[in-house]
Each structure stands twice: as structure tokens, then as C-alpha cells.
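J.: Each chain, letter by letter, is given below.
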Amino acid sequence: MLKPREIAVVGAAETTSLGKIPGMSNIQLHADCALNAIRDAGLKVSDIDGIACAGESPTNVAHYLGIVPKYVDGTGVGGCSFMIHVRHAAAAISAGLCKTVLITHGESGNSRIGLNRPAPNPQALAGQFEAPYGPFGPPTMFTIPVLRYLKTYGLTEEHLAMVAVIQREWSSKNTRASMRDLTTVEGVLGSRMIAYPFRLLMCCLVTDGGGALILTSADRAKDFPNKPVYILGTGESVETPMISQMRDFTSSAAFKVAGPTAMNAAGIKHSDVDHLMIYDAFAHLPLYGLEDLGFCKPGEAAHYIWERNTAPGGKLPLNTNGGGLSYTHTGMYGMFALQESVRQMRGTADAQIKGAKVSVCHGVGGMFAASGTIVFGNE
Amino acid sequence: MSDAPKRPRPQPTPETKFFWEGCARGELLLQKDNVTGKCYFPPRPFVPGTGSTDISIVKASGKGRLYSYVINHRPPPGFTAPYAIAVVELDEGVRMMTNIVDCPQTPEALVLDMPVEVTFEKIDDEISLPLFRPAKG
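Protein sequences, first through last, are from chains A and B.
Under this note's numbering, think of the first position of the first sequence as 32, with each following residue one higher.
Under this note's numbering, think of the first position of the second sequence as 10, with each following residue one higher.
Simulated from the structure, these hints should not be mistaken for laboratory data.
Note that this is a predicted model, so its numbers are computed, not measured.
Backbone N, C-alpha and C define an ideal beta-carbon position, used for all residues, glycine too.
Treat the hints with care, as some may be off.
What the hints assert, rightly or not - For each label pair, taking beta carbons as the anchor points, the in silico distance ranges come out as:
| hint | chain 1 | residue 1 | chain 2 | residue 2 | range |
| --- | --- | --- | --- | --- | --- |
| 1 | B | Arg74 | A | Arg211 | 40 to 48 angstroms |
| 2 | A | Ile144 | B | Glu130 | 35 to 43 angstroms |
| 3 | B | Pro54 | A | Gly145 | 35 to 43 angstroms |
| 4 | B | Lys26 | A | Glu217 | 50 to 58 angstroms |
| 5 | A | Arg143 | B | Ala118 | 32 to 40 angstroms |
| 6 | A | Met32 | B | Ile132 | 35 to 43 angstroms |
| 7 | A | Lys75 | B | Ile132 | 54 to 62 angstroms |
| 8 | A | Asn295 | B | Thr59 | 21 to 29 angstroms |
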């Protein structure tokens with residue numbers, strides 16, 4: 032069993048630019064952040080002996096960088112793949128399969144240069160039992176459970192809008208965030224209707240970018256130039272590739288496995304958490320995440336956010352980069368949530384939480400299809 | 010033949026063929042776990058979670074309730090906005106994605122938990138899609 036503080040993040044970087052990057056293809060975005068992270072760790076390319084990535088095969092990334100690794104992980108279950116890569120890499124290093132793992136994400140989500148996205152399969156279950164009814168990407172699928180959630184707990188569209196409002200307060204402090212202007216509940220509800228009840232400002236951005244992490248054993252971590260960020264606990268799960276087949280429209284079964292598994296492995300209580308990232312492709316995700324990870328009771332997360340507990344100055348700072356709604360969202364956002372957790376643990380975030388010692392980073396993959404959670408610490 | 014774009018057409022597999030053959034006859038067929046008596050969906054020749062092959066195919070009542078939905082304002086080819094992408098919960102307990110027809114595509118008309126009943130839209134000789142409409146009476 033992997034122990035807390037056995038493995039550390041010793042390199043972390045995003046792509047040189049974020050947002051609109053028409054000068055780089057998908058694979059080059061992987062390489063750009065990989066080289067930045069290798070430089071950040073003070074390593075050479077040839078020091079990397081493990082490769083993990085999603086959106087490109089690890090073969091593509093290893094070949095492009097010129098590495099023949101001893102360990103590969105191509106887990107591709109959507110935007111939380113990178114949390115799961117961290118989990119697998121930590122276990123692999125602990126087991127002695129390799130020493131130094133590079134995890135990369137690069138996605139030309141906006142410019143769509145060399146982007147790898149599979150065509151819908153009309154023989155898959157989703158192709159037979161969902162696609163014929165006209166869902167058109169995540170804005171019309173990920174959002175389907177929400178009216179049931181709102182009715183179950185007596186909540187309104189205003190509660191969803193407030194999630195986006197408070198994340199703008201965070202993004203306004205981040206120099207690299209795509210959307211930094213403050214907004215209001217009225218501003219969110221007045222933005223263009225995408226898929227009722229979701230307006231444009233309740234939906235994630237569509238950007239280009241990437242990020243990379245380098246993991247190694249903690250006993251080596253003191254030899255690196257940056258403050259080590261330790262892996263305290265990890266979790267993963269999957270539920271369903273069909274949003275219509277979620278077991279419970281008010282809760283994610285995968286969240287309820289990944290989150291508690293990670294927090295139990297870390298040996299932490301909710302009150303130990305100084306900083307929280309919950310993957311927010313759409314405004315309802317922080318509500319499901321806060322409840323399924325046990326930070327709030329079912330139905331109480333919207334009130335918790337409304338009362339500014341997760342806002343700047345609140346007791347549980349959440350999505351401090353502005354999230355997928357306002358920082359950046361290339362398609363698979365999870366790597367950017369991990370990067371912000373690492374910055375907070377290093378003490379280098381734009382919206383730095385003073386004295387933060389424990390960060391929980393929770394990801395979703397597909398549309399409530401998968402989940403991965405990492406607990407980081409800096410002591 | 011019109012060249013206008015059409016909604017994506019499902020392609021049956023060996024495991025789902027009975028379902029689409031039922032739809033073509035105007036019957037909504039489900040599989041039932043003979044041990045627990047519970048229906049499940051989508052089709053597969055064993056019970057999810059147990060792997061039991063002690064199952065039977067049953068004709069569903071075709072009645073259920075509107076469970077959740079969104080109203081899409083950015084239509085893909087083959088659709089005209091705004092239209093609801095809905096999930097209904099059948100009286101037999103399973104949920105399925107569908108569209109709600111014979112009903113304005115507005116939040117005011119699409120009331121959660123309202124009773125709905127199945128109707129079939131013929132796409133071609135092999136495929137008829139199960140859609141739902143507000144239940145009559």
C-alpha cells in the first residue's frame with residue numbers, strides 16, 4: 032500500500048501560453064509543457080523513464096520527446112485521466128517499476144490542430160441509445176441531470192449562476208486566466224442560452240493549452256530546485272459512459288469512490304483541507320463534488336457557496352485559478368486543476384492561500400463517466 | 010429522397026437487435042432479472058452487477074414520467090432548436106434518453122415528473138425510435 036509522502040511532485044509547468052495557441056499542434060502542446068516541466072525540475076529529457084498522457088498515445092509523446100521509457104500509462108477516461116496518471120505513477124515508482132515519471136496534457140481544443148477526438152460510434156450503447164436524440168457535446172449531456180438535482184433540493188438557476196460568479200472573483204486574481212472580469216448572478220443568467228437551464232457563463236471555456244507534472248520518490252525530492260509537493264492520497268473510479276444511465280442524478284457514484292478513497296489514504300479529515308479544486312466543466316460540478324466528497328451534506332453545497340465559504344476570504348477556497356469556467360478549459364481540464372494545487376502547495380499561486388498545507392484536487396472524466404482524486408501536501 | 014441532414018441512426022448489435030425489432034413492431038421491450046424481478050437497460054444478455062443469465066424479455070407498459078432534461082439552443086444537423094433532450098423513468102424503473110413530442114419545448118410545458126407515454130417514430134424499415142409524449146388521460 033502506497034504511504035502518504037512516499038512520492039513527490041518535483042516538476043510542474045503549463046504550456047508557455049494558454050488560451051489561443053494557433054502556432055502549436057496538439058502533440059507540440061504536450062512537448063511544450065513537458066520541456067517546461069523538465070526545466071522546472073532541473074532535469075534532462077533523458078532522466079525521464081516513465082510516460083503517462085491522455086489525448087495522445089504515450090507512444091506518440093515518448094517518440095516525439097525521444098524517450099524509450101520503462102513505464103507507460105495511456106489511461107484515457109477524459110479530463111480526470113491526469114489524476115489517475117498521478118495515482119498509477121505513484122504506485123509504479125513505489126513498486127520500483129521506474130524512477131521519474133512525466134505526465135503530460137496538451138490539447139488544441141480551440142484551434143483544433145492535430146486534435147485526436149474519436150468519431151461517434153453508432154453501434155456503441157451511447158450511439159444507439161443517446162445520440163439519436165440530439166445531444167451535441169458536453170453542454171447538452173453533462174447538464175441533463177441538473178433539473179432533477181435542482182428540484183430534489185429546492186434550488187434555482189440563481190444558485191448555479193453564483194458558482195460562476197464566485198469563480199470569476201478567483202480568476203480576476205490570476206494573470207493567466209482567460210476570463211477575468213467580475214460578473215453577477217444577473218450577468219450570468221443574462222448570458223446567451225446554450226442548453227436550458229445552462230447559459231454561456233455556466234459553461235466552460237474552449238481553449239488551447241497543456242500542462243505537465245514530474246513525479247519521483249520523496250527521498251530524492253530534496254535534490255530538486257523546487258519545494259517538493261507530496262502525494263498524500265489518491266483515488267479513482269468510473270461509472271457510466273451514458274449520462275442517462277447515472278445511478279443517481281443528484282450524485283456521482285464515481286466521485287463517491289474516488290474522493291473518499293483518496294482522503295482516507297491520506298488520513299485526513301475535511302477540516303484538514305486548506306485548499307480544494309473541483310473540476311468545473313459546468314457550474315453544477317462543484318455542487319456535486321462538495322457533496323460527494325463530504326464537504327457538504329446532500330443539497331447544501333449551493334447554500335455553502337452562496338454564503339461565500341468558497342470565495343476569496345472564505346474558509347474553504349475552491350477553484351482558486353478560476354476553474355474551467357474562467358481560467359482555461361482545453362477539453363480535458365484536470366491537468367490545470369492539478370497545476371493549481373501544486374502551485375498552492377509550493378506557495379507560488381497568483382491567488383495564494385497563505386499557509387495552505389493540504390490541497391484536495393478532484394477530477395471528473397467524460398460526463399460523470401469517471402473520476403480521480405489526489406490529496407497533496409507540502410509538509 | 011431528401012438530402013437534408015437526419016438525426017444519428019442507431020446501428021443494432023447482436024445484443025440489442027431484439028430491442029430494435031420490438032420498436033419496429035411498436036413494442037418497447039426490456040430485459041428482466043428473473044431472480045429479483047427488476048428490469049434493466051440498456052440491453053445486454055446478462056444482469057449488470059451479478060452476471061446472471063437467468064433473464065427474460067418483457068414488454069414495457071410504455072408509461073413513465075419526465076425525469077430530467079435540457080433544452081438545446083445550438084442544434085446539430087438533423088435537429089431544429091430549441092428542442093428538449095430528455096430522460097424518462099419508465100414505470101418498470103429504468104431510465105432512458107429520448108425526446109418529448111406533441112409538447113411545446115419550453116420549461117413551462119416540460120414539467121418534471123409529468124406522466125409520459127411512448128410513441129414510435131419510424132426512421133426506416135429496421136429502426137423506429139422510441140419517443141415520449143405527455144400521457145393522455
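J.: Could you tell me which of the hints above the structure violates, numbers in ascending order?
T.: 6
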